[in-house]
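The chain contents come next:
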Amino acid sequence: MATQKITIEPVTRIEGHAKITVHMKEDGNVEHAYLHINEFRGFEKFCEGRMLQEMAYITPRICGICPISHHLAAAKATDAVLGMNPPRPARLLRELMHMGQIIQSHGMHFFELAGPDLILGFDSDPATRNVVGLVQANADLTVKAVRLRKFGQEIISTLGGRRIHPTFVVPGGVNKTLSITERDQLLSTIDEMVETTQIGIQIMKDWAAQYKEDIDRFAVFPTGYLGLVTPENAWEMYDGDIRLLGQDGQQLEKFQGANYLDFIAEHVENWSYLKFPYYKPMGWPNGSYRVGPLGRLNTVDKIDTPLANAELQYFKQINNGKPVENTLYYHLARMIEVLAAVEQAHVLLNDPDITSTDILDNRKNPQGEGVGVIEAPRGTLIHHYVADEDEKLTKVNLIVSTGHNNYAMSHSVDMVAKEYINGKEVTEGLLNRVEAAVRAHDPCLSCSTHAVGQMPIEIAFIDANGNMINSIQR
Amino acid sequence: MTQKLPKFAVLQLSGCAGCEVSLLNATDWLHQYELVYMPLVISADNVPDVDILLVSGGVQTSEDLYKLSHAIHHANEVVAVGTCAISGGVTNLGNRDDVRDLFLSQAERHHLPRMLPKCRPIDDFITVSRYLPGCPPTPQLFMQLLTPDPDYTQKKTVCQECGRKKLRDMKPNHFFGAQQGSPDPDICLINQGYPCVGSSTRAGCDALCTKPGHPCVGCRGPSDAFIEKDAEHWFSSIQKVFESMTNVPSQEIQEVMRSPQLSLFLFQFADYDQKARPIRPKEKIL
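Chains as they are written, first to last, in numbering that gives the first Met the number 0: chain A, 0 to 473; chain B, 0 to 285.
Here chain A stands alone, though its shape is the one from the complex:
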């Protein structure tokens, strides 16, 4: 009775270490496919006992792709613990740095991680289905994409000294002003970046039109959606309340980040080091929701900058005003967000306060406990600290973006495996689609397994008796 298990390991073109196991039935169809997150890193635990102010420097090392997200979430949580209020210019500068991060991280995903599937094709030769192949296939686009990502990194390094793991935030503000020369330098390339981003959006729209059938077959399923919003429910990345929508697009909750424990709980499965957050009142797994670009664009009513808002309206009509459920639309949503981030950076750079020297307020009113929430590129990021009177940490809880999407990623892997694999002939291209189900979410597994560990992919095919018949490791 040979039923089988196929293993894909490591899952590639994602951040971190994961594997997928596809368990087969006797008739050759898929019984269930699992996404195993292989990392365990322990940040929450080893940060206990360390000094509060180190958090903005330790936690970026959770992930080198979006270190700014942790740098800023840590800053906000630290401010909350100490009861400090950064002056307006400091908040604007932090938000500007965050926009740089969104541009560079989303840009990297589009170009270096997911782009090869979209532009070269899911079934193209895996040896060249990567950024190097993309450079050879479309040098012109490559140059533009590199410059876009560089622009994001320039914002970060102008403010923080370095592009990865920068040193910018301090409790109550930031440590560096933005000079007028630096501001003008950044402003001078905004138009080009808007243009490049619009090219990217057009590529995604054309791709979506061409592969409509794939998009409608590929992991389309209902969930809730969660993200930060402004008081008017517009797109917001740095500050704001958390809004949660149900499957039909109706608002279930809108709450302050500090109260997240009243609404969010975490489920544990013994086949993954990554926990599964869900909306408490609805229970597991009914209370599962999605975050990140797709989750955010479903969650917001509008974007406050004109070009991105026009694209949002296009996005909203894809499912006639209802939430967009197709996993592959994460890619279009991500490009629309790059446009929103470029426009928002433009707004911030034009604010008279952005070059102010009033960047630090040292006054403290210690609270002992604090929560910092921001929208990281991959979704809502929550840092929660408790500290004693010496500002030494006694408890740390982190709910990281990719964690919120754990249900969605696992469910997508299962759905795509069942849809595309029928056991007769399993090609590399089909397995790449299973990987792409993970990739679309742009997971950061080093981040998400802060509490526990590390992520390449293995897809294992297992038979009905639990015997492994085939294993594909990457």
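Hints are computed from structural coordinates only; laboratory data are not their basis. Keep in mind that a hint or two might mislead.
Claimed, not checked - Cβ pair distances, simulated, as ranges:
1. A:24 with B:126: 27 to 35 Å
2. A:351 with B:126: 33 to 41 Å
3. A:285 with B:231: 55 to 63 Å
4. A:201 with B:146: 34 to 42 Å
5. B:126 with A:254: 51 to 59 Å
6. A:282 with B:126: 48 to 56 Å
Glycine is no exception: its CB is placed at the ideal position from the N, C-alpha and C atoms.
Given chain A's structure and the hints, the job is docking chain B onto it.
Chain B only, in chain A's frame:
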């Protein structure tokens, strides 16, 4: 490919991918090397035969060890990249006993790699031909490794790159914590009460933390003067600098030096608990 380019691979063990992103930021190698393995951007199952293998991250799980042991047989040269691979870095903070207990309690999970008793630098297991320090190493250093410029020189310490003025008559009575207040932009951070370890940290980063006002936490590891000695030499050198440049009571300096709570320890002494650490010869370090 019209000509045959040298091949290289990047193996990421337990770390954050920051080293990989920094490598991608150094785009100039694209036309001079063929990158054949790097799960972050390349879909390939195993490390094929390569000229250079770059390894980032610490050895934390059974899988890390297995992959490392397997990969080195396919490489002419192995380079340890970044603080985690070289000496532990932030990944090593999990080596505290109570954290290891939590890690090891995960042993019964299904289909998941097991945790090793401690996270280790890669030269605990294999011979490394070169080290590329930094958290992460700068793109310029990656280029210097891949396409060496014979005229490349670097200063000895971060202190020399920083250029802040040291004042004899400005001596703080106490240390601040890691980052507080708004430091004067031209004066040495130690004069202003910050426990900065730039005086013994290897140069090559262009002092990008200390210039805007953040004390050096030593992410690039020790300078040539200390790299081949045990941690105690290095330690006492920092202590002497603090003693001569401040009026901080020696008791407090001791506490600052020894306290595992200071960011001083994030990188510099991440592997200080190791008794028989292999010597890392200075010629091997970029």
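Hints broken by the structure, by number, lowest first?
1 and 2
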